[in-house]
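Student: So the chains spell out like this:
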Amino acid sequence: MKPKIAVLMFPGSNCDLDTIHVLKNVIKVDTDLIWHNNFRETDYDGVILPGGFAFGDYLRAGIIAAHSPAIEQAQVMLKDGRPVIGICNGFQILTEAQFLPGALLQNDSLRFVCKWVNLVVENNKTAFSNKMNKGDVIDIPIAHGEGRFFTDNLKELEENDQIVFRYSDKMGNSTEEYNPNGSLDNIAGVCNLERNCIGLMPHPERASEAILSPKSTEHGKLFFDSMIDYIFRRVLK
Amino acid sequence: MDQFEFIIEVSIENKPAARDPVAETIKRDLIAKKGYDMVSNVRSGQYLRINIVAENESKAKEIVTKMCNDLRIFNPVTQNLTILNVNQK
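In order, the protein sequence lines correspond to chains P and W. Numbering of the first sequence is given in this note's numbering, commencing with residue 1 and proceeding in unit increments. Numbering of the second sequence is given in this note's numbering, commencing with residue 1 and proceeding in unit increments.
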C-alpha cells in the first residue's frame, strides 16, 4: 500500500499549493488538495493543515477553523494514531482546537516577521521529526504575525517532552537574541502526548529544495520524510 | 415565563503572565512620551456587546459565560474574560 496525504484548504490558506508541490514533486507521495468541507478522514493516512489565514482569523487566528467539520475529521485521525501536522496558521488552528497545548499570540515586536531562522531539534521521537537527531540544527523560514508561543504550564510540557523545536543560533543554542517573536522559552513547535500531532510556526514546505534555501539546504524534507516513514511503520503496518 | 432582553458587555484581555505588547506600545510610545507620567499601567483587550433574551439577569449572565467557555470565545490558556456590565434593554 502507498500512503495518501490530504492538504486541507480553508478560506484564506495560501501555503497549500507549496505544500502540495513538495509532497507530489519532491517527496513523491500521493497527495490531494481538499477544500475543508469536503475532507473525509477515511481516504487518508495523514493530514497537513497548511499556512496562510483561515476565515479572516477573526476573533483569534485559527479559532473559527478550529470549530469546522474538517477538524472533527482530523480528530478521528489523531485518535487512531495517524499523523497530523499544523504549519503556521495550521499550528494556530491545532492549538485552538486543543489538539496541541499552548496558544499563539501576536509577536512581541507587533510586526510581521519573515526571515530564515535556525531551529534546534529537542525531540526526535515524533511523527514529523524521526528522521532528525536531537540537537540537529534546521535551516527554515518563518513568516507570521502571531507566532509568540505561550503556555501557562511550561513545566508540564518539559516533563512530557512535548517541546519539539526551539529557535536557536546556528550552533543550536536557544538564546533570547535568536527568539524572533517573543515565544516562551524560544519554543517554535510542540507535539501532543502521543507524538503523532505536531504544530510549528516555521514553514518546512519552503525549505525542501536547495534552490529555495540561502544555504542550499533541504531540511524541510526531513519533516515530510519523517511523516512518510511514520505512516509505513505505524499506519500501514 | 416572561422573557426580557439584556445587553451584556464583556471584555477579554491577556492574563497578567502573558505580555501585552499592544498596551506596552501605547503606554511607552504615546502616553509616556506626551507627559502623562501619572499613568502607571495599560492593558489592551477585546470588547463584545451581546444582546440576549432570558428570564432574568442572572440567567442571561449564566448563558453568556457558558457560551464564551464552550465556544472558546476567549482562550483560557492566555486570556481572562470579565463581564463588565449587564443592562436590561
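What the hints contain is simulated information worked out from the structure, not anything from laboratory work. Source: prediction; values computed, not measured. It cannot be assumed that every hint is accurate.
[Claimed, not checked] Quick list of in silico lysine to aspartate or glutamate cross-link-like pairs, EDC-like style, CA-CA up to 20 Å:
no., chain 1, residue 1, chain 2, residue 2
1, W, K15, P, E146
2, W, K27, P, D108
3, P, K115, P, D152
4, P, K125, P, E159
5, W, K59, W, D2
6, P, K24, P, E194
7, P, K134, P, D152
8, P, K4, P, D161
9, W, K15, P, E194
10, W, K15, P, E156
11, W, K15, P, D139
12, P, K115, P, E41
13, W, K59, W, D70
14, P, K155, P, D139
15, P, K24, P, D185
16, P, K237, P, E194
17, W, K15, P, D152
18, P, K125, P, D136
Student: Taking the hints in turn, state whether each one holds.
Tutor: Taking the hints in turn, this is what the structure says about them:
1. Restraint check: the Cα-Cα separation between K15 (chain W) and E146 (chain P) comes to about 17 Å, which is no more than 20 Å; the hinted pair holds.
2. This hinted pair checks out: K27 (chain W) and D108 (chain P) have alpha carbons roughly 15 Å apart, not beyond 20 Å.
3. With a C-alpha separation of about 28 Å, the suggested pairing of K115 (chain P) with D152 (chain P) is violated against the 20 Å cut-off.
4. Note on K125 (chain P) and E159 (chain P): the hinted pairing holds, with a Cα-Cα distance of about 15 Å set against a maximum of 20 Å.
5. Restraint check for K59 (chain W) and D2 (chain W): the C-alpha separation of about 13 Å stays at or below 20 Å, so the hint holds.
6. A distance of roughly 27 Å separates the Cα atoms of K24 (chain P) and E194 (chain P); the hinted pair therefore is violated under the 20 Å criterion.
7. Distance restraint check for K134 (chain P) and D152 (chain P): the Cα-Cα separation of roughly 25 Å exceeds the 20 Å cut-off, and the hinted pair is therefore not satisfied.
8. This hinted pair does not check out: K4 (chain P) and D161 (chain P) have alpha carbons roughly 29 Å apart, beyond 20 Å.
9. Simply put, K15 (chain W) and E194 (chain P) have alpha-carbon atoms about 29 Å apart, too far for the 20 Å limit, and the pair is violated.
10. Among the hinted pairs, K15 (chain W) with E156 (chain P) is consistent with the structure: their alpha-carbon atoms are about 19 Å apart, no more than 20 Å.
11. With a C-alpha separation of about 33 Å, the suggested pair K15 (chain W) and D139 (chain P) falls outside the 20 Å cut-off, and the hint is violated.
12. Of the pairs offered as hints, the one joining K115 (chain P) and E41 (chain P) is violated, with about 34 Å between alpha carbons and a cut-off of 20 Å exceeded.
13. Of the supplied pair hints, the one linking K59 (chain W) and D70 (chain W) holds, its CA atoms being roughly 16 Å apart against a limit of 20 Å.
14. Between K155 (chain P) and D139 (chain P) the CA atoms are separated by roughly 27 Å; this puts the pair beyond 20 Å, and the hint is violated.
15. The hinted pair formed by K24 (chain P) and D185 (chain P) fails the criterion: a straight-line CA distance of about 35 Å is larger than 20 Å.
16. At most 20 Å may separate the alpha-carbon atoms for a hinted pair to count; K237 (chain P) and E194 (chain P) meet this at roughly 18 Å.
17. This hinted pair checks out: K15 (chain W) and D152 (chain P) have alpha carbons roughly 9 Å apart, not beyond 20 Å.
18. The suggested pairing of K125 (chain P) with D136 (chain P) holds, with an alpha-carbon distance near 13 Å, which does not exceed 20 Å.
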